[in-house]
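Colleague: Input sequences plus hints: build the corresponding full structure.
Each residue of the sequence shown is one higher than the one before, counting from 1 in the working numbering.
Everything labelled a hint here was simulated from the structure, so no lab data went into it.
If you're wondering where the values come from, they're calculated on a predicted model, not measured in any experiment.
Note that CB positions come from ideal geometry on N, CA and C, so glycine has one too.
Be aware that one or more of the hints could be misleading.
[Stated by the list, open to error] Result set (DMTMM-like, lysine to aspartate or glutamate): computed pairs, CA atoms no more than 25 Å apart in a straight line:
no. : residue 1 : residue 2
1   : Lys135    : Glu56
2   : Lys135    : Glu145
3   : Lys135    : Glu121
4   : Lys135    : Glu44
5   : Lys135    : Asp61
6   : Lys135    : Glu65
7   : Lys135    : Asp70
[To be verified] Computed Cβ-Cβ distance ranges for the label pairs, DEER-style:
no. : residue 1 : residue 2 : range
8   : Asn120    : Ala155    : 48 to 54 Å
9   : Gln163    : Arg38     : 18 to 24 Å
10  : Ala119    : Glu65     : 25 to 31 Å
11  : Arg168    : Ser41     : 25 to 31 Å
12  : Ala119    : Ser89     : 16 to 22 Å
13  : Thr153    : Pro27     : 48 to 54 Å
14  : Ala93     : Ala45     : 34 to 40 Å
15  : Tyr113    : Gln137    : 34 to 40 Å
16  : Thr53     : Arg151    : 46 to 52 Å
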Amino acid sequence: MPVSRTAGSPGRTPPGSPYSFDFTADPVLQTIRAMSERNISAAEAAATGARSTALESFGYDPALESLYGDANVAGVARANPFSTLSTISRAHAQRGRDLSGALAQRNLGYSSYGNEQVANEQHAYLGEQTAATQKLQQALAAISEGVAGTRETEAERDAQAAQDAYERALNFALEHGGAPPGAGPAAASGTATGGRRRSRPAPRARARAVPPAAAVIQQVRRSQRARARRRP
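Modeller: What follows is the structure, given as structure tokens:
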């Protein structure tokens, strides 16, 4: 029976259970939840750093302003002379100069052929920018997926830990007629939901209790001994 945490009543007995108690005080469950929170926080911090590094390495593109988020990240990306966009831009400028020189030597600078070569170079430049942007978006998506994967893993771990804690609390209740110590205010009564308190005799009383059939036999034997003592 899977158990999940729900807003407003984390760790309480799931619907349909015969007992009502809050088992979030279970020490094992608390340890696992604390570890899960640390793992998620670490994953989010690592993702923030990886995202900043990816953006700063890519460079600054005004069309992607919303991706930078932090003004400091945008500033570093804009000032990075070795960013991907800066490298592509320098290569584009160099190809343009080389092409202009080659066309001028052949007196083709303003010819249809020259215009076509310039257009081809510009097209290649835009293609390089598009490829770099797609690569950045893929990297950012992978970072986000990593965080989502960590959250999903920890959610599954939490659900299993909650189920284990509930089963421990339920076994304690069935064994001792109440919820474990420190299991929450609802556990104080140790009562079944919608029913009467499960009462069990104390361990010593249970050990001395005699089944009804055996009690009758003992009573008959005592009567026989009493009659035997009264005989002359």
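Colleague: Run every hint past the structure and note whether it holds.
Modeller: Results for each hint:
1. Lys135 / Glu56: 14 Å, holds
2. Lys135 / Glu145: The hint holds at about 15 Å.
3. Lys135 / Glu121: With a Cα-Cα distance of about 21 Å, the restraint between Lys135 and Glu121 holds, given a limit of 25 Å.
4. Lys135 / Glu44: With Cα atoms ~21 Å apart, Lys135 and Glu44 stay inside 25 Å; holds.
5. Lys135 / Asp61: 14 Å, holds
6. Lys135 / Glu65: 17 Å, holds
7. Lys135 / Asp70: 21 Å, holds
8. Asn120 / Ala155: 48 to 54 Å: 52 Å, holds
9. Gln163 / Arg38: 18 to 24 Å: Between Gln163 and Arg38, where Cβ atoms are some 21 Å apart, the hint holds.
10. Ala119 / Glu65: 25 to 31 Å: 29 Å, holds
11. Arg168 / Ser41: 25 to 31 Å: 27 Å, holds
12. Ala119 / Ser89: 16 to 22 Å: Check passed, 18 Å falls within 16 to 22 Å.
13. Thr153 / Pro27: 48 to 54 Å: 22 Å, violated
14. Ala93 / Ala45: 34 to 40 Å: 39 Å, holds
15. Tyr113 / Gln137: 34 to 40 Å: Holds - the Cβ-Cβ distance for Tyr113 and Gln137, about 37 Å, lies within 34 to 40 Å.
16. Thr53 / Arg151: 46 to 52 Å: Violated: the Cβ-Cβ distance is about 21 Å, outside 46 to 52 Å.
Hints 13, 16 from the list above are not met by this structure, while the remaining hints are.
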